[in-house]
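The listed protein sequences correspond, in order, to chains A and B. The first sequence lines up with residues 45 to 458 when you count with my numbering. The second sequence lines up with residues 45 to 124 when you count with my numbering.
Bear in mind the hints are in silico, worked out from the structure with no lab data behind them. We put the CB at the ideal spot given by N, CA and C, even for glycine. A few of these clues could be false.
[To be verified] Using C-beta positions, here's what the derived DEER-type ranges look like: (1) Val133/A / Arg66/B: 53 to 59 Å; (2) Asp83/B / Gly268/A: 46 to 52 Å; (3) Arg297/A / Pro55/B: 38 to 44 Å; (4) Tyr449/A / Pro55/B: 25 to 31 Å; (5) Glu94/B / Asn240/A: 18 to 24 Å; (6) Glu166/A / Met79/B: 31 to 37 Å; (7) Glu108/B / Pro97/A: 48 to 54 Å; (8) Glu234/A / Ala80/B: 38 to 44 Å; (9) Gly456/A / Val82/B: 33 to 39 Å; (10) Pro61/A / Glu94/B: 25 to 31 Å; (11) Ala80/B / Gly268/A: 45 to 51 Å; (12) Glu108/B / Arg91/A: 53 to 59 Å; (13) Leu436/A / Glu108/B: 49 to 55 Å; (14) Ser327/A / Arg66/B: 24 to 30 Å.
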Amino acid sequence: MSFATELRCRECHRSYPLQALHVCDFCFGPLEVVYDYEALRKHVSRRRIESGPPSLWRYRDFLPCDADAAIDIGAGFTPLIHAKNLGKVLGLPNLYLKNDTVNPTWSFKDRVVAVAATRARELGYEKLACASTGNLANSVSAHAAAAGMEAVVFIPADLEEGKVVGSSIYGPTLVKVRGNYDAVNRLCAELAGAYNWAFVNVNVRPYYAEGSKTLGFEVAEQLGWRAPDHCVVPIASGSLFVKIRKGLNELARVGLIEEPRTRMSGAQAAGCSPVATAWAERSMNFRPQKPNTIAKSLAIGNPADGYYALVQLRDTNGDCGSVTDEEIVEGMKLLAETEGIFAETAGGVTVASLKQLVERGSIDPDELVVAFITGAGFKTIDAVVGHLKPALEIDATIESFERAYAAVAKAGVA
Amino acid sequence: MAVKRVRFTFPEELIREPIIYRLGHEFRVITNIRMADVDEHTGWVILEIEGDPEEIERSLQWAEAQGVRVDPVTGDVVEG
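Please model the entire structure based on the sequences and the hints provided.
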């Protein structure tokens with residue numbers, strides 16, 4: 045069973061039934077799932093959660109679907125690592141990394157899609173759909189395959205083959221759409237209205253977004269049932285950023301942790317930074333942008349939850365980094381070389397922003413900081429090829445090796 | 045007949061132009077402003093446009109050609 049009671053408009057607070065609805069008919073505000081927190085408070089306990097499965101479904105009571113019928117390919121409950129090496133470089137002794145690169149399709153999207161797919165099937169849908177340039181497409185394809193549902197995945201026609209394979213291996217109907225980003229976007233928004241399919245981030249978005257809360261739940265549990273002092277989160281649509289804090293708030297509301305005082309800071313690529321730009325201008329109105337960055341998984345020029353991300357930055361005394369493509373690559377390398385985590389470009393955005401926020405004085409060195417690494421590096425190899433130390437090439441003799449190795453050792457780069 | 049909801053974002057140089065009035069005159073569509081926030085520098089309007097689907101599309105292409113950014117009401121649908 046679920047403790048979800050209704051959908052409610054975030055703006056005008058009108059109520060809607062728990063159906064495939066995502067926007068308020070009156071004010072166009074986004075709809076959000078509401079729960080019976082009193083009943084939830086009586087039902088949940090730390091022990092109940094701790095005895096649950098090592099996946100996001102251990103937080104089943106906080107999710108808007110029946111976990112007994114979950115489409116479960118093992119998403120969630122990923123490692124939280126005390127990043128001592130990276131922390132030393134950045135001057136943050138209490139830095140932790142939430143390593144979501146190890147999800148089943150190697151990104152945090154498995155969390156949101158697991159919940160969206162489960163709820164979609166409950167609502168009677170037989171087809172899962174999405175429009176994506178990478179991570180979301182991979183996850184929708186995989187979950188649909190495991191659920192025996194049909195997947196219809198729309199991708200831009202010029203998407204690199206490497207990214208296409210990460211979806212097509214699961215056997216979805218892949219639709220390559222010719223046209224620029226805006227045209228693909230508009231078409232997919234229309235398709236979502238025209239077809240009675242579950243577009244995971246459109247008509248079932250309220251359920252989809254709830255999956256991101258589990259990152260907040262896990263971090264609190266893994267820290268010994270406490271909220272971090274400061275979170276640094278990449279911002280694309282803004283939903284992840286907002287929902288992590290919602291997760292912490294919900295744990296406090298049902299008495300599992302103390303009231304969080306967590307500061308929430310964001311991370312964006314300078315080439316697609318509608319939230320960071322508005323924040324720097326101290327405006328609550330972001331202007332949509334045309335993305336131009338190597339951080340493709342964050343390239344949302346018109347973020348659905350951009351306004352709410354700005355509200356959260358303001359209300360939690362956060363800050364928002366904005367980093368160049370060069371800084372993103374350096375961030376990816378720094379993370380890999382200090383902590384052994386190969387993240388995709390979004391991880392580079394997070395680490396580079398972390399560095400920027402420390403240098404700007406926006407993060408107190410004494411704070412317990414959690415940075416969220418949301419996707420694996422093998423998805424964006426092109427970003428770092430050409431920026432890495434070249435291999436030594438030798439003949440198959442010891443002498444050849446020793447000569448080559450001595451040369452680099454002498455240069456101090458071995 | 046169809047109804048389409050879109051968000052127009054106006055750059056500063058178009059703030060003084062009666063774009064929505066002209067859209068309703070030059071194309072056979074009915075425009076209905078549902079929400080808006082416009083100041084001297086920028087502005088956005090959520091618009092319902094009713095008419096023949098092809099005429100709606102033509103009217104949106106015209107708006108874009110004038111320099112208006114046209115987006116889905118609920119933000120970008122394509123995600124990473």
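Hint numbers the structure violates, sorted upward? 4, 8, 9
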